[in-house]
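K.L.:
Chains Z and B are the protein sequences, given in the same order. Okay, so the first sequence: first residue is 39 according to the numbering used here, each after it adds one. Okay, so the second sequence: first residue is 39 according to the numbering used here, each after it adds one.
Misleading hints may appear alongside valid ones.
Quick list of in silico lysine-lysine cross-link-like pairs, DSBU-like style, CA-CA up to 30 Å [stated by the list, open to error]: (1) K122/Z with K107/B; (2) K107/Z with K107/B; (3) K44/B with K123/Z; (4) K169/B with K177/Z; (5) K60/B with K44/Z; (6) K123/Z with K308/B; (7) K272/Z with K122/B; (8) K122/Z with K169/B; (9) K107/Z with K169/B; (10) K122/Z with K122/B; (11) K77/B with K122/Z; (12) K123/B with K60/B; (13) K123/Z with K274/B; (14) K60/Z with K122/B; (15) K169/B with K60/Z; (16) K176/B with K308/B; (17) K122/Z with K176/B; (18) K123/B with K123/Z; (19) K122/Z with K272/B; (20) K177/B with K60/Z.
It is worth saying that the hints were derived from the structure and are not from the lab.
Below, each chain spelled out in residue letters.
Number of protein chains: 2
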Amino acid sequence: MNEINKLISGFFEPPIRDYIDKIPSGKQLRSRLICAIAKESDKRFLLSAIVETIHLASLLHDDIIDDAKTRRGAPAVFVTDGAKKAIMIGDIFYATAFSKLSAFDSAIAQIISEAVAKLSYGEFLDAELSKSFNTDRKKYENMIYLKTSALIEASCEAAAILAGKDRDRFRRFGALLGVAFQTIDDLLDITQDTATLGKPALNDLSEGKVTLPLIDYYHTADENEKAKALSFFKKKLKTNDAKRLRAALYKSGAIDKSRQYAAALLNEAKGLVENDEELLAAAESLISRIK
Amino acid sequence: MNEINKLISGFFEPPIRDYIDKIPSGKQLRSRLICAIAKESDKRFLLSAIVETIHLASLLHDDIIDDAKTRRGAPAVFVTDGAKKAIMIGDIFYATAFSKLSAFDSAIAQIISEAVAKLSYGEFLDAELSKSFNTDRKKYENMIYLKTSALIEASCEAAAILAGKDRDRFRRFGALLGVAFQTIDDLLDITQDTATLGKPALNDLSEGKVTLPLIDYYHTADENEKAKALSFFKKKLKTNDAKRLRAALYKSGAIDKSRQYAAALLNEAKGLVENDEELLAAAESLISRIK
């Protein structure tokens, strides 16, 4: 167990502590960025642990809201333990993370807590957008900025403050990386197969999430294709339908457009941290996922 | 609309703002205490608005967890708008309240955020205790301290810091008032009728909550009465059964015991604020509810 996971574990007593391992934590992108930006600060692990705890809390609640029954192939906590338990544990995780924030300057506490307010508002907008087939790119981009990017942006800015670095530059770096990260996630939902994803391919559309490639596809599609795409909204796609829709998305250029968009964001991000090998590597590792 | 409600309203844009009025806010006990303790501080209204926003967030989530379909006679948000919406709005309320806390000393931010961690852990323990007929008084007291008293305690301590007063004394005052407040709420569930309560009488037992008077009654009851009480656990009581159980609770002395307990807590609390008319009045107004 790494230093950060040890700290998160120390925030809680059993039985609350046991829930940490029930949530697949993923790549800990936020911690990697914090530790790379604030590598000389003793407090980088504590800040990372707080941000990861917030991230876990958001996953607990998001899975209920999205009715996402699996995460990285494992059943969601609301499935195994019930929605009430998932709400309560999420609240405990959020509140504990906030209480640990008071060990930091109020500027850092403010940046992180404002990001959580954005994140939860982004989750609200996501649910609102999912009510109908959204084709408004601006609305979608604003939502993913709030839901995914804001906490990554805040992590980078807070780490820069810890390290006495240029907070605006790292804030911008985090924001770019965050949007790129979500765009790549949206792409993978379309381009990867079920086994690799740990969830059904083209799952986003089934959940009512019309992501960037789907929005772009819709705007270039003819009336027949539009009707077809609309008919899949919030439906479980048959294998053949999924194959055909995937092929149409490739053919329309929508996949390429999103790939180029993500790559451009990542290139801009890399330009902001030119001399920092670790941060460049973090951006590169995201780029490699696009392929 | 008072100053505090105006501030809460200003924290949010529509459509989030609209949810404030959907949650009956009650007596705003926490704000009354903060404003009375820190009456000379310009920041008393902001601190009150933050604490009330936290309180609203906790109500949104608690009602889902307790499956409490009405609050003060009005349908709960999770009933009118769905559990997902209630989770999201609760998260937005919590996170916004935390982000506003950074306008205060880190000591105040820490006290309030630690109280929220206690509150959410108390909610977890409440749900755990409700799984079976709990007869352990200590466990129940610990749970209501966490769930109800901790935020009232923290409000008073934080207000004392704002006002440059003795924080330990006001912390103790708040803790006593909080436990008394919950004990009185537990009593009213038994002694008041449905119309006055805005919910069914003896509703706590139906929801699996074995409150102090019920615990005390259980320990003095004979085997028949014990079996009867157990048979009502998590059941909707018939009018006659409710009447009989209420009569038995009075007869056993359990009601009186809880009344005396609450009165003793309030008297101790009053002793801590002997010269403060407003705080004495707050304690008195709670005492008057016991009758």
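K.L.:
Next step is simple, just say for each hint if it's right about the structure.
P.N.:
Hint-by-hint comparison with the structure:
Of the supplied pair hints, the one linking K122/Z and K107/B holds, its CA atoms being roughly 15 Å apart against a limit of 30 Å. Note on K107/Z and K107/B: the hinted pairing holds, with a Cα-Cα distance of about 26 Å set against a maximum of 30 Å. As the CA atoms of K44/B and K123/Z are separated by approximately 34 Å, the hinted pair breaks the 30 Å bound. Distance check on the hinted pair: K169/B and K177/Z sit about 44 Å apart at the alpha-carbon level, beyond 30 Å; violated.
Between the alpha carbons of K60/B and K44/Z the distance comes to roughly 41 Å, so the proposed pair goes past 30 Å and is violated. Between K123/Z and K308/B the CA atoms are separated by roughly 38 Å; this puts the pair beyond 30 Å, and the hint is violated. For the hint pairing K272/Z with K122/B, the CA-to-CA distance comes to about 17 Å; that is within 30 Å, so the pair holds. For a cut-off of 30 Å, the pair hint linking K122/Z to K169/B stands: about 13 Å separates their Cα positions.
Restraint check for K107/Z and K169/B: satisfied, since their Cα atoms lie roughly 25 Å apart, inside the 30 Å limit. Only pairs whose Cα atoms come within 30 Å are accepted, and K122/Z paired with K122/B is accepted, the gap being roughly 11 Å. With a C-alpha separation of about 39 Å, the suggested pairing of K77/B with K122/Z is violated against the 30 Å cut-off. Simply put, K123/B and K60/B have alpha-carbon atoms about 12 Å apart, close enough for the 30 Å limit, and the pair holds.
Among the hinted pairs, K123/Z with K274/B is consistent with the structure: their alpha-carbon atoms are about 24 Å apart, no more than 30 Å. Of the supplied pair hints, the one linking K60/Z and K122/B holds, its CA atoms being roughly 21 Å apart against a limit of 30 Å. With a C-alpha separation of about 22 Å, the suggested pair K169/B and K60/Z falls inside the 30 Å cut-off, and the hint holds. Restraint check for K176/B and K308/B: satisfied, since their Cα atoms lie roughly 24 Å apart, inside the 30 Å limit.
Taking the CA atoms of K122/Z and K176/B, the gap is about 24 Å. The hint holds against a cut of 30 Å. Straight-line distance between C-alpha atoms of K123/B and K123/Z comes to about 17 Å, which keeps the hinted pair within the 30 Å bound. For the hint linking K122/Z to K272/B, the alpha-carbon distance of about 17 Å falls within 30 Å, and the restraint holds. Of the supplied pair hints, the one linking K177/B and K60/Z holds, its CA atoms being roughly 27 Å apart against a limit of 30 Å.
Checked against the numbered hints listed earlier, the structure breaks hints 3, 4, 5, 6, 11; every other hint is satisfied.
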